[in-house]
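> Chain by chain, the residues run as shown.
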Amino acid sequence: MIKHEGKENYTALRDVLANNAKKIFSFSGWKPKKFTQEEFWALKDINFDIEAGDRVGIIGRNGAGKSTLLKILSRITEPSQGSIKIKGRIASLLEVGTGFHPELSGRENIFLNGAILGMSRNEIKKHFDAIVDFAEVERFLDTPVKRYSSGMYVRLAFAVAAHLEPEILIVDEVLAVGDAQFQKKCLGKMEDVSKNEGRTVLFVSHNMGVVAQLCTSAVLLNKGTIDFIGSVSAVVDKYLRNQSFTNEFQHNKEAIGIKPNFIKSIKIKNEAGENVSSFSFDQHIVIEFSCQISNYTPDLLIGIGMQDKTNSRVFTVVKEVEYFFNPEISEISGTLKLPNSLFAPNVYSFVFALWTKMGQIHDVAENVCVISIHDNGTSLAAFEGADYGSVIINPVWKSC
Amino acid sequence: MSQNIDKQEKWDLILKAGSSEKNYWKDLWRFRELFYILSWRDIKVRYKQTVLGAAWSIIRPLLTTIVFTVVFNKIAKLQNPGNAPYALMVFAGMLPWQFFSNALSESSNSLIGNANLITKVYFPRMIIPASSVITSMVDFAISFLILVAMCCWYQYLPSWHIIFLPLFILIAFFCAFGVGLYLTAVNVKYRDFRYIIPFIIQFGLYITPVGFSSSVVGERWKFLYSLNPMVGVIDGFRWCILGDSMSLSSLLISLTTTLLFLILGLFYFRKMEKTFADNI
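If you read the protein sequences in the order shown, they are chains A and B.
Number 428 marks the last residue of the first sequence (my numbering); no jumps.
Number 287 marks the last residue of the second sequence (my numbering); no jumps.
Just so you know, the hints here were simulated from the structure itself, not pulled from any lab data.
Take the hints with a grain of salt, since some may be wrong.
Stated by the list, open to error - The calculated lysine to aspartate or glutamate pairs, modelled on EDC-like cross-linking and capped at a C-alpha distance of 16 Å, are:
{"hint": "1", "chain 1": "B", "residue 1": "Lys-23", "chain 2": "A", "residue 2": "Asp-170"}
{"hint": "2", "chain 1": "B", "residue 1": "Lys-23", "chain 2": "A", "residue 2": "Asp-73"}
{"hint": "3", "chain 1": "A", "residue 1": "Lys-153", "chain 2": "B", "residue 2": "Asp-19"}
{"hint": "4", "chain 1": "A", "residue 1": "Lys-365", "chain 2": "A", "residue 2": "Asp-327"}
{"hint": "5", "chain 1": "B", "residue 1": "Lys-51", "chain 2": "A", "residue 2": "Glu-136"}
{"hint": "6", "chain 1": "A", "residue 1": "Lys-223", "chain 2": "A", "residue 2": "Glu-201"}
{"hint": "7", "chain 1": "B", "residue 1": "Lys-51", "chain 2": "A", "residue 2": "Asp-327"}
{"hint": "8", "chain 1": "B", "residue 1": "Lys-55", "chain 2": "A", "residue 2": "Asp-170"}
{"hint": "9", "chain 1": "A", "residue 1": "Lys-113", "chain 2": "B", "residue 2": "Glu-40"}
{"hint": "10", "chain 1": "B", "residue 1": "Lys-17", "chain 2": "A", "residue 2": "Glu-79"}
{"hint": "11", "chain 1": "A", "residue 1": "Lys-385", "chain 2": "A", "residue 2": "Asp-336"}
Claimed, not checked - Some, not all, of what chain A presents toward chain B, calculated at C-beta under 8 Å:
{"hint": "12", "residue": "Gln-109"}
{"hint": "13", "residue": "Lys-115"}
{"hint": "14", "residue": "Glu-151"}
{"hint": "15", "residue": "Val-314"}
Said to hold, decoys possible - Far from chain A by the CB rule (all over 10 Å, computed), these chain B residues:
{"hint": "16", "residue": "Ile-21"}
{"hint": "17", "residue": "Leu-69"}
{"hint": "18", "residue": "Tyr-213"}
In this text, all values refer to a predicted model and were calculated from it rather than measured experimentally.
Every residue gets a Cβ at the ideal spot worked out from N, C-alpha and C, and that includes glycine.
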């Protein structure tokens, strides 16, 4: 239940007593403060089965109910209705460094954290060296954790959790922290744990690339209900389509006046000049753009990149602004026609940048103009939905 | 998707709204190490970066005894009706009271203090107040050593009653645990108790025979007075260590109250446990 009156998030006995006491005086026409209550279902009608060895990604927008679902599965909150049947030990990683005490040393915290997560003392001792090795904090093992850098802290916390040996592992967006090298290491370890040791993994993330790499299937949650369950690429597709991106980009009016050179608008059109966001494989995609150039320098460049749904770059093209520039007007506009029959049927977005050869970036627009390309009879149509790459080419085969 | 393997497959755990967990007691056993690890953490952290360190656990009870003896014995000239030195009588009463008051104040705030654990990890929540009481037990053990030292100082040999001491220690433990469980559970929902608890403890100090002996209490107040569970415990302590007389009826009343608190505490805690993560 969510209450709409009052800013406190806990009930104080004094308020309850005061309100009850005030009710006695209501005959005098005075009405006590009414709490308007509204029923809020964080999750509703969630039905799914997960088999042993499955690696399931749970994705959805913020507020869809992903963390609540994990909390219920981890027995932290009780479901209001319904039931959950579990076979096997569950270990959940909803936060890195749960229970870490800043005053204790790294060594002491390993034992503390491990015990809190459910490892017995012997298990921790057995894995102790592996944990320290993974975290790379051997030199600082006996200093209090409050002296650690945030990176070390997170590495140690994840190292302990990575050596849990449950049958079911539940992970909630914990890989979002740390530098790239650390993320790669964590991902590698999770893949190791799930693929080689056959554990069941439930993984919540906003990073589609990671979900695609790690999981065998995915569940899409939307406002507390299941939107779709299926293969990872199908679910990610639906997730991206649900996000109502337009195929058009207009510059943010607030920034005008601050930057001398900026991107004004980007539109995606077909060859006939119509504004569309959906193309078939053999259609040309035309990108129409305009930029404001108040401060022209000859080394200004325009760059356009196309990205797939995991934000990996498919291609990048660069052109000098000089090609479009007319000294009499401070605005440039142009079009770009992409080759047809090349890009694999999928969902793509664009990144657009205005920068100089020396690396100074004037403006950038990322993840804009989402388009989808549909298969209308390629040689790989039978495999639609699977990830067979970003381009379809026609090589020359020869039998020897 | 599973096809009705439900009937053949044996589920380890079924979570349902409002189900009373039969697995709870099994879980308490599975997480038994946490009892001592959480206490260990609290004790370790207590004296980090202090100069005196563990010496504080001896200095505190010692100082209180000295103050009490000076004020009540030398200044107010209250005497011990028994034949043991006044300081020893005070200390024998103070020991369990310190344990009880520390255990109570720590366990009442234990759940809120460990809010970060409650919202992120699962383990039976009863372990948290239990480990606070265990931490206080450690302090008690250290103070007990001081008691032994004092007995040597006064060259006083305790009576044979001392073999019953562990029984009274156990009663004190359950008393603190029972009341602590109830208070900590109710404190999660109604934060007012954070302010009520120190008051209860302060008040309790005056109605508990710490600075005085139970024999000064008049007959007509005896029943009401004995409802205080610590009365039985402290009288028992004094009886064990000093051989002071103790009324059995008073002890029985205190015992009943202790049992009542324990049952109430357990019941209420288990009932509210499911809502802790949401309310904290």
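> Each hint should be assessed against the structure and marked as holding or not.
Status of each hint after checking the structure:
no. : hint                  : in the structure
1   : Lys-23/B / Asp-170/A  : violated (44 Å)
2   : Lys-23/B / Asp-73/A   : holds (14 Å)
3   : Lys-153/A / Asp-19/B  : violated (27 Å)
4   : Lys-365/A / Asp-327/A : violated (23 Å)
5   : Lys-51/B / Glu-136/A  : holds (10 Å)
6   : Lys-223/A / Glu-201/A : violated (19 Å)
7   : Lys-51/B / Asp-327/A  : violated (63 Å)
8   : Lys-55/B / Asp-170/A  : holds (13 Å)
9   : Lys-113/A / Glu-40/B  : violated (26 Å)
10  : Lys-17/B / Glu-79/A   : holds (14 Å)
11  : Lys-385/A / Asp-336/A : violated (26 Å)
12  : Gln-109               : holds (5 Å)
13  : Lys-115               : holds (5 Å)
14  : Glu-151               : violated (10 Å)
15  : Val-314               : violated (44 Å)
16  : Ile-21                : violated (5 Å)
17  : Leu-69                : holds (26 Å)
18  : Tyr-213               : holds (25 Å)
Consistency note: the structure conflicts with the earlier hints numbered 1, 3, 4, 6, 7, 9, 11, 14, 15 and 16.
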